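Engineer: Okay, here's what each chain looks like letter by letter:
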Amino acid sequence: MDQLLRIFWGFLSTVLFGGLLGLGLAVASRKLKVEKDETVEAIEGAFPGLNCGSCGYAGCSGYAEAIADGSDEDITKCKPGGAPCLEQIGKILGIEVDTDAVRMVARVHCIGGSDVASRSFNYSGISDCTAATVLFNGDKDCKYGCLGMGSCISVCPVNAITKTANGLVEVDQDLCISCGKCVDICPTAVMRMIPEDADLIVACNSRDKGKITKANCKVGCIACRICEKKFPDAGYKIEDNLSFLRYDNRGEGRAEAADKCPAKCIIPNKSEKIEETPSAG
Amino acid sequence: MREFTKGFVRENPIFILMLGLCPALAVSTQVVNALGMSAGTIFVLLGSNIMVSLLKNFIPDEIHIPAYIVIIATFVTLVDLLMQAYAPGLSKSLGVFVQLIVVNCIILGRAEAFASKNTVKDSIMDALSMGMGFFFGLTLIALIREVLGAGTITLFPMGSFDGVIEIPGLVSAPVRIISLSAGALFVVGYLKAMFNWISSRASKEEF
Amino acid sequence: MSRFKTFPKGGIHPTDHKEATCHKEIQNASLSSIAVVPLSQHIGAPCECLVKKGDTVEEEQIIGKAGGFVSANIHSPVPGEVKEIKQIFLPNGIAVDAVVIEMQGEFKRLGKEETSSDWSGMSNEEISAKISEMGIVGQGGATFPTHVKLSLPKGKTCDTFIINAVECEPYLTSDHRVMLEKGKEVLEGIRIIQRLLSPGKTVIGIEANKMDAVEYLQSLVSSEGLDIDVMPLEVKYPQGAEKNLIKAVTGKEVPSGKLPLEVGVINANVGTCLSVYEAVVLNKPVIERVVTVSGGAIKNPLNLKARVGTSFRTLIEDCGGFSEEPVKVIAGGPMMGFTVYDLDTPVTKGTSGILALTAKEIKAAKPTNCLSCGRCISACPMGLNPTKIFKYIEFNLSDEAAAAGLMDCVECGSCSFMCPAHIPLVQGFRGGKKVLRKNSMKKAGK
Amino acid sequence: MSYFAILITYIFISNLILSQFLGLCPFIGVSKNVESAVGMGFAVTFVMSIASLVTWALYHFILLPLGLTYLQTIVFILTIASLVQLVEMVVQKYSPVLYKALGIYLPLITTNCAVMGIALININSGYNVLESFTAGIAAGMGFLLAIVLMSAIRVQMETEKVPRFLKGAPIAFISGGLMAMAFMAFDKALLNNLVG
Amino acid sequence: MTATMEKAGKLALICAISATLLGFVNSMTEPAIATRKAAELKAALSSLLEEGSPGAKEDISDAGSVTARYPVEGAGGWILEFNGKGYGGDMKILASYNEEGTILDVVLMDNAETPGLGKKAEKSEYMDKFRGTGGSAGPVPVTKDALDSPDSVSGATITFVGIAAPLNEGSAYVQSLGGN
Amino acid sequence: MKDKLLISSSPQFHHPQSTSSIMWTVSLCLLPAGVWGVYIFGLRALLVTLTAIAAAVATEALLGRVKNENTIADGSAFLTGLLIGFNMPPAVPIYVVVVASVFAIAVVKWTFGGLGGNWMNPALAGRVFVFFSWTGGMTTWTLPGNGSADTVTGPTPLGSIKAGLMSMSADIQGPMDLLAAEGVPVSYMDLFLGRVPGSIGEVSALLLIAGGLFLLIRKIANWEIVVSYLGSFALLVWLFGGFRYGQGLFSGDVLFHLLSGGLMLGALFMATDMVSSPLTSKGMLIYGAGCGFMTYLLRFFGSVPEGVSLAIIFMNIFVPLINRAFQPEKFGLVKTEEEAK
Ligand SMILES: Cc1cc2nc3c(=O)[nH]c(=O)nc-3n(C[C@H](O)[C@H](O)[C@H](O)COP(=O)(O)O)c2cc1C
Ligand SMILES: Cc1cc2nc3c(=O)[nH]c(=O)nc-3n(C[C@H](O)[C@H](O)[C@H](O)COP(=O)(O)O)c2cc1C
Ligand SMILES: Cc1cc2nc3c(=O)[nH]c(=O)nc-3n(C[C@H](O)[C@H](O)[C@H](O)COP(=O)(O)O)c2cc1C
Ligand SMILES: Cc1cc2nc3c(=O)[nH]c(=O)nc-3n(C[C@H](O)[C@H](O)[C@H](O)CO)c2cc1C
Ligand code: SF4
Ligand code: SF4
Ligand code: SF4
Ligand code: SF4
Ligand code: FES
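Residue numbers (our numbering), protein chains in the order written: chain A, 1 to 281; chain B, 1 to 207; chain C, 1 to 446; chain D, 1 to 196; chain E, 1 to 180; chain F, 1 to 341.
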């Protein structure tokens, strides 16, 4: 009997307690309704959640909030998310987005390793490219090449960049999430973004005149214009003493131009590793 | 199957999700405590996940948190009462942590994040997976701590076996601090580092 | 502690090594047959080149015209023919165009009597114009065009004019010798500047390790009855850094990010005053300067008066060449100077010294991790936390580095000098500043 | 136990984090920078002291007299959860400044075992109402102390060459272990010597 | 308002079901817990005695660390319950005495001593140092130095003193009672 | 020439001290105290010290290899090992020494990034780790016996006092009295010279002070820490130290407390570890004072006889916070604030 009485008391007090609580919460939730923004959550869900900061916000959630409250109208800032992410955000916000952009990846435009590019002096100091450039813009004679000290390595959020045996760095394009941090930090601007499906690259960044380039590095682009002149459809263009290759229009003779390049600095983007590039001369 | 195995490493509640840390550290001085705690937690997790996924349409959004809490607390109290009655030794060595299952972040977390959105069957799977992950993590911590910190492995007494395996050499002069609070934090810290390493390798391979 | 004034925070006491040259009179350096004259020897816009290959130039002819307001003319140091115009690296790592002149023809002044003119009749504008025309830049190291510094902006007045005769860099003795040998001329230069600025008071700040110069100048000042205070200062590096000098002399602190004029001070180097005298009185542009050539690897260290464009090699040979293989050859002093790898680097208006140091002198060691010893903090005259700033830069946290005061760093090197871990802190700061500038440009571009 | 002894006990000797293992999730989660650690610390202290009072009253005036101690868990957790919500609403309404400082941390406290833990410890130790309140405050202060010290350490570690896999949570745990080791300087015997 | 009431009602319903369920479970486990506790205590008490059986508990509040006593029926003497001060806080100790105040046996009950150190006192062998001491049989060792092998308590002196001191008091207490 | 000249950033020359010269100098300054320890405690003390050093250096070498760095020559691991050896009782089991060194280098130092990364003093953390693990072995002391073969154990002066205080009779005026009453005849001179039981390197106050003074003159050890540590501790002992003996204020035996235990080793050589102490003068003063207070608290009230190790590592926890609170004052900042007004 006593037991039953206690169960009853327990029952009653809990019911009252729960009821009151439910009532209070229901009333309160109505009275103090805080607009909980579901779009923020939805947008954040669309991001890959790497918190890499390439969008310029403190984390994925920061960018999501900025998009949701309209303070940032550019929804393409999440590079790692790529097209699928864009599409999803577009759906959430109900706007049309153009999603056929190809994924961009980083690529070092230099094959002037220690075996082919000459060095000006005996550097002693911090092993960091930016710091090294405060002394004569780096210890290579070519002031546009990769210094190989790996400032880019330290900023890459996914460890996609590694040093090579000949004093350069290389990007594992499968890992690259297109955040662009390495491009930002590289003091010689030798790291540039290219489309993932790029066939060839001009692996040189030297804006020096041909003669100087040649003296500094055996595999530097000497701006001889063979690629531009002989293969006018191939998309090569010389600017600033350097050949640039276009990827939006891939005409005839691209590979052939690579063959004809006297410096042999036009190389396939992927199949060949940097170490295996022909060291001309 | 993937739903089930995720708890072990990929989404291990302790090491990857970093939930339910307090019991993981507090009751891991002896393997037997870890086993008991895991059993209790799995029971509550299973019960609450089932109930929540059953009632997900019945419970209005505004009161879902208190409702989940009541459900969880009910199961916790059940475990507590049963343990006190039928496993008094365990109940004593787990102390308040049995009652604290109620605030174990894993349970409310799973109810919120999984059971409230999925079917009963998936929720059971999830509960088992998370529970097994918790069990695995907790037992690992307890094993390391007890072996190093006390030189023993304490299990349930069975027949003539008194439940304690002594590690020769260690038992006479164990690294006692490992069984104290500082040691727990060291062990979890390095295990977490190990899991970071494993999962970073795993994610590289997935690419 | 000391009876002399100094700045209160930070500072270091490196061995000064000045005894090698401080008693040696200034000698004329040889002329090299080829002069390489960079077209930017100052802070500010590079000069516009007025000559081309094959041109014949006269001594003191303007070959580079000031390329803007903050810029200074460049004159040919020798008569001759322009062989080429090529790009070279200055010791500070900046690539500039340089006019290469092969010496031929006649010198204007060499061996001739100096003709001096009286400046008392000239107006301030005329004096200013003269200084500007003669291409005078600050010779204390910053090479800031002097005519710009001496033209007070509207509404500003100069309370104190400080002559920086501190020469706190070890080894260097050129200012010291100039004061001893050209004391009168320097004082005259100061009087010219006094005319321009009409300062409340004028102070010559000299470190107490040059008491002979203090006494000499004091005797000149009192015999000529000038309104100049010759103030000996405690020996402490970087007493010569302008903000610290101002603090030491006047007790005022120039606010972070502001110029000395903010507290009513203008300061100029001794050599600058001498150049002003030469320009205004002798009508002579800056084509030569006094360079201390010293260091353990130099056979016979000297103070040399060298023409701009002369190669380091020539000056070193004037000193008898190397007595042993140097590890570093430095343009400037050991604390702020730049290493060069090419001995054909030319002397410029800002070259105060050429040092060839041995391994024993530089005391290099492999850098280790920071020990958090705090020596850099107690050494920093700007009250910064160098180790923290360096770590921010190391971990790519430029905004945090800026907030911690990176831009206030004057790169005096006190921190790196003291750091037992041999961390190249200053190099990090220079890299960090570079990144900050890049970022702010990017922001501005957006 | 005297109130002083309770303070020393829960701040140093039985520090919630470093010796009791209560409230580790926020300890690891919210200690990445000093400002939020301070905010969280104060929020926890605030909620704990109030929760100590309320749960004590509930236990001694309702559960015990009615013989319903078996409903302790359910009642306490519900009370704490609604208390946190209530505090949040009240603070939001009457002190926007305080809300700004504490607001974002309050919801995190609901499932913090420290609050529930101290409520249970109060009951199990047989404290009277003022002792419970003191224990609540002291435990909160112990939490505050630990999390603030930890956050300063973690911020410093951001710019040290910590091996990649140890960065973040592992370093926090191991630092916590070293802290716990140093806190072992304080034991019950020290307290006994101190207060006689 | 009905929606609000409905929500409150639903929560109340869940609470009600929970409370009822727990009430029933509790009504089953409560007696089980009570009997188990009693049995445990009884077992502990009788383990202290070779002959006789423990009588009814009497709470004591004015005898230092002695908190309760049980007269030993059949054999004479007492079982005392103490509150000792250990390293990790209070320790509950039970000890049986003969009528002269000599310790027959001791057990350490609830305590929070350190495993490997103070917890060693939970083992029966630990109490060998006390058995047969006190009263006419000689003094209870209250410092480590009074032991034959002080090594066995080294590193845990506080626990030792925390047990020894009450036992010593108990011996005097029993003598002061003078028989049943 | 081109390739031989070194190109580096200013400054181009350097103060003579380097990390390695500092570490080796500190080791050298510790050497006399260690030689004394071996002289009075026997070869076992040497074995312990060498084991500690070997284990520390080996661990450093191993972990350095993983990170592809060779950091042996900087001497910090050697010094850590040496200090661990110095903090061990001569008769401690060898495995305890090895664990202490491995823990110090692997957990306390390398987990946080190696030299300079650790926020806690590795040697002391190592010692405390093994102290709490093997309290018995860590509290068995050898009586000084000029290296005779069979060692005799006995308590340290501080240990005797801790024990003696429990059962003290009324007429005892201070620690020296108490020691006499306990039958441990120790004079101030014994404490000063180091003719007492204790850790290998801590007993000889004289030699430690001599080494420490050298470090202070060389500015390797910071006077701020040493002065505020010893000063605050002495002040507290003088003020309140008499209470435990039923005396009034201002009657503590300062000399006894300064000379006994590991205080000199701790204050001169371990609290001054630059890595785990604050960066600025003010911070160092606060830190030193904290160490002094904690040492007083633990020595007079703690359950362990000695408090120096725990005091220092406890204060280590506060160092990051102290460093935040006591930043150097920036030049030229005062003015801008005035302007703002
Ligand atoms: C660290 C440091 C040290 C300096 N030392 C000197 C010095 O010893 N003598 C000097 O004239 N200028 C020195 N300067 C340059 C002065 O700050 C200032 O630029 C110069 O005195 C201005 O005079 P000027 O324009 O005539 O060169 C130093 C600057 C820095 C940053
Ligand atoms: C982690 C730790 C746990 C301890 N646990 C106990 C304990 O359970 N019982 C005890 O009496 N002393 C304990 N102590 C205190 C000391 O081990 C011991 O009392 C002190 O060293 C004096 O003992 P001794 O005189 O036997 O050396 C503990 C100390 C530490 C550091
Ligand atoms: C006992 C002792 C052992 C030493 N062992 C080494 C050593 O193994 N490696 C080393 O580099 N320096 C060692 N030194 C110190 C060197 O002789 C030298 O002083 C040190 O490398 C500092 O050089 P630095 O001033 O050029 O930096 C030792 C010094 C002493 C006193
Ligand atoms: C004055 C001074 C004192 C030192 N004290 C210690 C010490 O107590 N413990 C230690 O492990 N290392 C000590 N070191 C060495 C070094 O700082 C230590 O290995 C680092 O903490 C490792 O990062 C000391 C170094 C110096 C210069
Ligand atoms: S790509 Fe740029 S940043 Fe990377 S190593 Fe080369 S120079 Fe340095
Ligand atoms: S840092 Fe460069 S390589 Fe790394 S992910 Fe970003 S873009 Fe790709
Ligand atoms: S270089 Fe910069 S940071 Fe270093 S001491 Fe000089 S002013 Fe300070
Ligand atoms: S002087 Fe060097 S080692 Fe010392 S704190 Fe500064 S950076 Fe670190
Ligand atoms: S389990 Fe304790 S706070 Fe999460």
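Take the hints with a grain of salt, since some may be wrong.
Said to hold, decoys possible - According to the in silico footprint, chain B covers these stretches of chain D (three or more CB under 8 Å from chain B):
#: 1; stretch: 14-20
#: 2; stretch: 72-82
Claimed, not checked - With a straight-line Cα cutoff of 27 Å, these simulated DSSO-like cross-link-like pairs (lysine-lysine) come out:
#: 3; chain 1: F; residue 1: 162; chain 2: C; residue 2: 9
#: 4; chain 1: A; residue 1: 77; chain 2: C; residue 2: 9
#: 5; chain 1: B; residue 1: 92; chain 2: E; residue 2: 10
What the hints contain is simulated information worked out from the structure, not anything from laboratory work. The structure presented is a predicted model; accordingly, all values stated were derived computationally and were not measured. No residue lacks a Cβ here, since even glycine has one placed at the ideal position from N, Cα and C.
Engineer: Name the hints, by number, that the structure is in violation of.
Structural biologist: Of the numbered hints, 3, 4, 5 do not hold.
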